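Novice: Protein chains in written order, with the numbering used here: chain A, 10 to 419; chain B, 10 to 419.
If you're looking for bench data, these hints aren't it; they were derived computationally from the structure.
Just so it is clear, the structure is predicted and the values come from calculations on it, not from any experiment.
Just so you know, even glycine gets a beta-carbon here, dropped at the ideal spot from N, CA and C.
Mixed in with the good hints, there may be bad ones.
[What the hints assert, rightly or not] FRET-style restraints, in silico, Cβ to Cβ:
{"id": "1", "chain 1": "A", "residue 1": "Phe-268", "chain 2": "B", "residue 2": "Ala-310", "range": "29 to 39 Å"}
{"id": "2", "chain 1": "A", "residue 1": "Gly-148", "chain 2": "B", "residue 2": "Thr-54", "range": "38 to 48 Å"}
{"id": "3", "chain 1": "B", "residue 1": "Gly-57", "chain 2": "A", "residue 2": "Phe-268", "range": "27 to 37 Å"}
[Said to hold, decoys possible] Footprint (simulated), chain B over chain A, 3 or more residues, beta carbon under 8 Å:
{"id": "4", "stretch": "32-42"}
{"id": "5", "stretch": "354-367"}
{"id": "6", "stretch": "379-388"}
Protein chains: 2
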Amino acid sequence: MNSLTRASCQALDERDCLSSFRDEFVLDDTVIYLDGNSLGALPRTVPGRLREVVLREWGQGLIRSWNAAGWMEAPTRIGGKIARLIGADRDEVIATDSTSVNLFKLMVAALRLRPGRPVILSETGNFPTDLYLAEGVAGLFGDRQLRLVPADAIGFSIDADVALVTLTHVDFRSGRLHDMERITAEAHAAGALILWDLSHSAGAMPIELAGAAVDLAVGCGYKYLNGGPGAPAFMFVARRLQSALRQPITGWMGHAAPFEFAPDYTPAAGIARTLSGTPPVLSMAALETALDMWERVDLAAVRRKAARLGDLFIRLVEARCSGFRLASPRQASERGSQVSFHHPQGYAIMQALIRRGVIGDFRAPDLLRFGFAPLYIRYVDVWDAVEHLAAVMAGGEWDRPELKARARVT
Amino acid sequence: MNSLTRASCQALDERDCLSSFRDEFVLDDTVIYLDGNSLGALPRTVPGRLREVVLREWGQGLIRSWNAAGWMEAPTRIGGKIARLIGADRDEVIATDSTSVNLFKLMVAALRLRPGRPVILSETGNFPTDLYLAEGVAGLFGDRQLRLVPADAIGFSIDADVALVTLTHVDFRSGRLHDMERITAEAHAAGALILWDLSHSAGAMPIELAGAAVDLAVGCGYKYLNGGPGAPAFMFVARRLQSALRQPITGWMGHAAPFEFAPDYTPAAGIARTLSGTPPVLSMAALETALDMWERVDLAAVRRKAARLGDLFIRLVEARCSGFRLASPRQASERGSQVSFHHPQGYAIMQALIRRGVIGDFRAPDLLRFGFAPLYIRYVDVWDAVEHLAAVMAGGEWDRPELKARARVT
Chain A
10 MNSLTRASCQ ALDERDCLSS FRDEFVLDDT VIYLDGNSLG ALPRTVPGRL REVVLREWGQ
70 GLIRSWNAAG WMEAPTRIGG KIARLIGADR DEVIATDSTS VNLFKLMVAA LRLRPGRPVI
130 LSETGNFPTD LYLAEGVAGL FGDRQLRLVP ADAIGFSIDA DVALVTLTHV DFRSGRLHDM
190 ERITAEAHAA GALILWDLSH SAGAMPIELA GAAVDLAVGC GYKYLNGGPG APAFMFVARR
250 LQSALRQPIT GWMGHAAPFE FAPDYTPAAG IARTLSGTPP VLSMAALETA LDMWERVDLA
310 AVRRKAARLG DLFIRLVEAR CSGFRLASPR QASERGSQVS FHHPQGYAIM QALIRRGVIG
370 DFRAPDLLRF GFAPLYIRYV DVWDAVEHLA AVMAGGEWDR PELKARARVT
Chain B
10 MNSLTRASCQ ALDERDCLSS FRDEFVLDDT VIYLDGNSLG ALPRTVPGRL REVVLREWGQ
70 GLIRSWNAAG WMEAPTRIGG KIARLIGADR DEVIATDSTS VNLFKLMVAA LRLRPGRPVI
130 LSETGNFPTD LYLAEGVAGL FGDRQLRLVP ADAIGFSIDA DVALVTLTHV DFRSGRLHDM
190 ERITAEAHAA GALILWDLSH SAGAMPIELA GAAVDLAVGC GYKYLNGGPG APAFMFVARR
250 LQSALRQPIT GWMGHAAPFE FAPDYTPAAG IARTLSGTPP VLSMAALETA LDMWERVDLA
310 AVRRKAARLG DLFIRLVEAR CSGFRLASPR QASERGSQVS FHHPQGYAIM QALIRRGVIG
370 DFRAPDLLRF GFAPLYIRYV DVWDAVEHLA AVMAGGEWDR PELKARARVT
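Please construct the entire structure, taking both the sequences and the accompanying hints into account.
Specialist: And the structure:
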C-alpha cells in the first residue's frame with residue numbers, strides 16, 4: 010500500500026466498470042466532491058427534462074398535465090423505480106413528502122398496528138431527526154414513550170412492550186452499518202414491527218427489504234439517489250401490511266377516489282394510502298429523471314467500489330496524516346459508503362479543505378465526514394483529496410482565525 | 010349589457026391597469042385558460058430562474074448552496090413574500106410542505122392550545138381534503154370529534170366544546186366567500202381558535218389576517234400564486250400564538266439548532282418551529298420566482314377586476330346559453346374569483362369546451378367551474394369563452410359518446 014501511487018489509482022479507474030457513469034454528471038473538475046451522502050451531484054439529463062416539464066407540461070399543458078403528462082401517477086411511478094434499489098416490489102414503494110413527514114406517518118401507523126404496546130425503541134445514536142419525530146409521535150398519545158438504548162443493546166431490548174423498532178440503516182456519523190436481517194428478525198420474534206431509515210444506504214449498496222422481511226422503511230431522494238436538493242423522499246410498506254395500515258395525514262391524494270370529492274375519507278387501496286397532499290411536481294420530475302440512470306447500475310458493483318474507495322482513503326490518511334482517529338468501522342463490510350475521522354481541529358481542517366475544493370462535511374464535535382458516491386467518485390479523487398489533506402496539515406493551513414470561527418455548518 | 014360587443018371588451022382591456030401582467034406569463038393564444046384557480050399559469054421568469062438553480066446552485070454549488078444560495082432561509086424568505094398578500098407580518102408566514110400536511114400540523118397544534126375542548130367545527134361543504142384531515146386529526150385522539158354544520162349555522166354552533174373552527178375562505182364549488190372577520194370574532198367570543206384555508210383566495214383578493222385577528226391559516230402555492238404544479242404551501246401563525254404552538258411533525262428543520270444534531274428536540278423560536286423536513290428546493294425556487302411578480306400587484310385592483318370578469322361572464326352566459334343555473338353568488342362581493350354553473354350535461358360540455366381550448370373544470374355531479382385569474386385573463390377572453398360555450402350548445406357539440414364517458418377528471 011505504501012508503494013501506491015497516483016498512477017496506480019488511475020489504473021484502478023481504468024478497470025472500474027462504473028467509471029463511465031461519472032460523465033453522466035455535471036461535475037466541475039476543480040472540485041473533489043465527497044459529500045454526495047448529503048446532496049448527490051447533478052445528473053446531466055435533469056436540466057433538460059426540467060425545462061420540458063416547466064415549459065411544455067406546466068406552461069403549455071397547464072391543468073391538463075395532471076392526466077396527460079402523468080403527474081397523478083408520479084408518486085407510484087417513481088416509487089416503482091426506487092423499488093429495485095431496495096429489494097422491494099414496485100407496488101410497495103412510493104415517493105412523496107420529506108423523510109421527516111414520511112417517518113411521522115409510518116411511526117403513527119405502526120403504533121396503530123400494535124395497540125397494546127407502549128414503546129418505540131431506537132438507539133441513542135440514531136439520526137437526530139428520526140429521534141425528534143419518534144419523540145413527537147410518542148408525545149401525541151398519552152401512553153406511549155420513546156426508549157433509547159445503545160446500538161449494541163437493541164436486540165436485547167426488544168420486549169413485549171415494544172410496538173416499533175426504528176433505526177437508521179447506516180449511522181450518519183460513523184457510517185456503521187446495522188445488520189438489517191438480524192435486527193428485523195429479533196423485532197419480529199418479539200412481536201414488534203420494524204421501520205428502517207435508508208437515507209444513508211439507498212443507492213450506496215444492495216438492500217433486500219423483502220429478503221429481510223422488513224415491515225416499513227423510508228429513505229431520502231437527494232443523497233445517493235441524486236434527486237436534487239430537498240428531493241421528495243420515499244416510503245416502503247410491505248404488501249402484507251398495506252390493507253391494515255392507517256396513516257394519520259389523510260389528505261386527498263391518499264383517498265380511494267381523489268377526484269370524487271366525497272365528504273368522507275376512504276383510504277386508497279395499497280401503498281397510495283400513504284399519500285397526503287399534492288406532490289411538488291418539479292422536484293418530483295428531477296428525482297424521477299435522476300432515477301432513470303439507476304436502471305443501468307449494478308448495485309453489487311457499487312458496493313464493491315464503495316468499499317475499495319473507503320479502504321483506500323483510510324489507508325492513505327493514516328499513512329500520510331497524523332492526529333486523525335478513525336471513527337468508522339475499519340472493515341468495509343461493516344460500514345456504508347462514507348468514512349469519518351475524529352480530529353480536535355476538525356472544523357477548521359474541513360474549512361481549509363473546502364477552500365481547496367475538497368468538499369466533505371463536519372459534524373460536531375470533531376468529526377470530518379467524507380462520502381464516496383461510487384457513480385462519480387474516482388480512485389484518483391481519493392488520492393488527490395488526501396494530497397490536499399496532507400498539504401493542509403503540513404502547512405498548518407487550517408490554523409487561521411477565520412477558519413476556526415465556527416459559524417453555521419451544513 | 011345586451012348591446013355589449015367584443016369591441017367593448019377590448020376597450021375594457023385597454024383601460025385595465027393590470028393588463029400588462031398578461032405578457033409576463035407563458036400563455037398559448039389558442040387557449041383560454043379559466044382554471045388558474047386550480048393551477049396558475051407559468052410566469053416567464055420561472056424557466057430561467059430554475060435553470061440557474063439547477064445548473065449553478067445545485068450543479069456547481071452542490072452542498073455549499075444551503076448557505077451560499079440561501080436555501081436554508083427559503084421557507085421563511087418565501088413566507089415573507091406571501092405575508093403582504095394576506096395581511097400578515099413577514100415573520101408570521103412560512104412556505105413548506107403541502108396544504109394537507111400544513112393543515113394537519115396546525116389542527117393538531119390548535120387542539121393542544123385548547124386542551125379541554127373536544128370539538129373541531131367545520132362546515133359540511135368545506136373542501137374535502139380539509140375535512141379528511143380534520144377527521145384524521147380527531148381520530149388521533151380518543152376524545153376529539155369533528156362536528157359538521159351547514160355554512161350558515163357556523164356562528165350559531167361555536168360553543169364551549171369547540172377548540173377550533175376551520176373553514177375554507179372561498180368555497181371550491183360555488184366560489185362563495187366567507188365573512189372572515191365576523192366568523193373569526195364569533196370563534197374568539199366562544200373561546201375557540203380559527204384556522205382559515207386561503208387556498209382559493211390568496212392572490213385573488215386582499216386578505217387581512219391581522220385585521221381580522223385570525224389565529225392560524227394555510228394556503229396553496231400553485232393556484233392564484235402561480236408557483237407551479239404542487240408548489241409548496243404556506244402557513245400563517247399569529248405572532249401571539251407562536252411561542253406556545255406545538256406542531257407534531259418535529260423534524261430537524263423546525264429545531265432551534267438544526268445543525269447541532271442534538272439528541273433532543275427543541276422547537277425553533279417563532280414561525281420556523283412549524284417546519285419539519287428538508288423543503289423541495291426546486292419547487293420552492295419556482296414559487297419564490299412567481300411571487301416576485303406580486304410585489305408590483307395592487308390587490309384591490311385584482312379584486313375589482315375579478316368581480317367585473319365574473320359579472321361579465323354571468324351576464325353573457327345567461328343572455329346567450331340556456332339550461333345553465335348559476336351556482337355562485339350573483340353579488341360579486343359575496344364570491345371569490347370563480348364562477349360556477351350547474352348543468353345536467355356539465356361533464357360533456359366541459360370536455361367539448363376543453364377541445365376548443367377553453368379550459369375550465371368540472372366538479373361532480375353537475376358543476377362547470379370557471380376561474381378568472383385577473384393577472385392574465387382579459388375581458389375578451391370572457392367574451393370568447395362564452396362564444397365557444399354558445400357554439401358548443403347550439404351545435405350539440407357535447408352530445409358525443411366519447412365526451413360523455415366520464416373518466417378521471419381533474
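Novice: Hint by hint, note whether the structure agrees.
Specialist: Hint by hint, here is what the structure shows:
Distance hint check for A:Phe-268 and B:Ala-310: the Cβ-Cβ separation is about 34 Å, which falls inside the suggested range of 29 to 39 Å. In this structure the supplied range 38 to 48 Å holds for A:Gly-148 paired with B:Thr-54, their Cβ-Cβ distance being about 43 Å. Separated by about 34 Å at the C-beta atoms, B:Gly-57 and A:Phe-268 satisfy the suggested range of 27 to 37 Å. Counting residues of the stretch 32-42 of chain A whose beta carbon lies closer than 8 Å to any beta carbon of chain B gives 4, which reaches the threshold of three, so the coverage claim holds.
Figure legend: the stretch 354-367 of chain A, annotated as covered by chain B; annotation inconsistent (1 residues with Cβ-Cβ distances under 8 Å, at least 3 required). Requiring three or more residues with a Cβ within less than 8 Å of a Cβ of chain B, the coverage given for the stretch 379-388 of chain A is violated, as only 0 such residues are present.
In summary, the structure is inconsistent with hints 5 and 6 from the numbered list given earlier, while agreeing with the others.
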